[in-house]
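Engineer: Residue-level listing of the chains:
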Amino acid sequence: GEDVEQSLFLSVREGDSSVINCTYTDSSSTYLYWYKQEPGAGLQLLTYIFSNMDMKQDQRLTVLLNKKDKHLSLRIADTQTGDSAIYFCAENRDDKIIFGKGTRLHILP
Amino acid sequence: EAGVVQSPRYKIIEKKQPVAFWCNPISGHNTLYWYLQNLGQGPELLIRYENEEAVDDSQLPKDRFSAERLKGVDSTLKIQPAELGDSAVYLCASSLGQGAFYEQYFGPGTRLTVT
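Taken in sequence, the protein lines are chains A and B. Going by our numbering, the residue at position 86 of the first sequence is 1028; the numbering climbs one at a time, nothing skipped. Going by our numbering, the residue at position 28 of the second sequence is 130; the numbering climbs one at a time, nothing skipped.
Keep in mind that a hint or two might mislead.
Claimed, not checked - With a straight-line cut-off of 20 Å between C-alpha atoms, the simulated SDA-like cross-links for lysine to any residue are:
#, chain 1, residue 1, chain 2, residue 2
1, A, K1009, A, E980
2, A, K1043, B, L198
3, A, K1038, B, L198
Unchecked claim - Quick list of the computed label-pair ranges, beta carbon to beta carbon:
#, chain 1, residue 1, chain 2, residue 2, range
4, B, K180, A, Q1001, 27 to 35 Å
5, A, Y973, B, K164, 37 to 45 Å
6, B, G142, A, S969, 26 to 34 Å
7, A, L1050, B, K117, 38 to 46 Å
8, A, F951, B, T217, 27 to 35 Å
9, A, D968, B, G142, 21 to 29 Å
10, B, G105, A, Q1001, 32 to 40 Å
11, B, E116, A, R1017, 27 to 35 Å
These aren't lab readings, by the way, just hints derived from the structure by calculation. For every residue, glycine included, the Cβ atom is placed at its ideal position computed from N, Cα and C.
Please put together the full structure from these sequences, using the hints given.
Structural biologist: Structural data, given as structure tokens:
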């Protein structure tokens, strides 16, 4: 298909790890991104990964890339209430950024 | 440093009325983008500017939408006339240059409601 696919909703207990999954479409994408959108705000780039990497770690964030399956995941360790937001997976395609529909992360106390 | 500024933040209009959105990008950012974000969706690119030139407007519905970026800094996006289906959030973003390497910085958006 043409769409970047991701699950729409994830509920996680505070302190647990959150894992958000995504399937992208363009095997020639050189960059894959994770953006965060808090209520009433624009998108903020959280992290990105080059297509020649398998993994990238940045503090509590770990990105895993499986190019064969075109699968991208974002793991947030020790999830906090401030992590509550919508997370968008995105790929670059034809010099544009194509976004998924977003995964709403809900934190349980 | 100030981020991308957009105004108004909210706008409610009746269908068939005109509406305009304004964006002030981060100082020094040559590339400016307008995105449309429907409820429950990710942003979709409407138009991209390099300085004052619109280099990609293939997704802009030109029968009712127009945009300009005079002097290569601020930009306005206009809809005339608005339709019910135009209700959405209109996001502006800017970057130092074009291409996937350059991070796009997003404004908070203008939420448009057409009644």
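Engineer: Each hint needs a verdict: does it hold in this structure or not?
Structural biologist: Consistency of the hints with the structure:
For a cut-off of 20 Å, the pair hint linking A:K1009 to A:E980 is broken: about 29 Å separates their Cα positions. Only pairs whose Cα atoms come within 20 Å are accepted, and A:K1043 paired with B:L198 is rejected, the gap being roughly 26 Å. With a C-alpha separation of about 15 Å, the suggested pairing of A:K1038 with B:L198 holds against the 20 Å cut-off. For B:K180 and A:Q1001, the Cβ-Cβ distance of about 42 Å falls outside the hinted range of 27 to 35 Å, so the restraint is violated.
Restraint check, A:Y973 to B:K164: a C-beta distance of roughly 30 Å breaks the suggested window 37 to 45 Å. For B:G142 paired with A:S969, a C-beta distance near 27 Å keeps the hint of 26 to 34 Å intact. The hinted window of 38 to 46 Å between A:L1050 and B:K117 holds, with their beta carbons roughly 41 Å apart. Taken as a hint, the range 27 to 35 Å holds for the pair A:F951 and B:T217, whose Cβ atoms sit roughly 29 Å apart.
Checked against the given bound of 21 to 29 Å, the beta carbons of A:D968 and B:G142, roughly 23 Å apart, stay inside it. Look at B:G105 against A:Q1001: about 22 Å separates their beta carbons, and that is not inside 32 to 40 Å. Distance hint check for B:E116 and A:R1017: the Cβ-Cβ separation is about 47 Å, which falls outside the suggested range of 27 to 35 Å.
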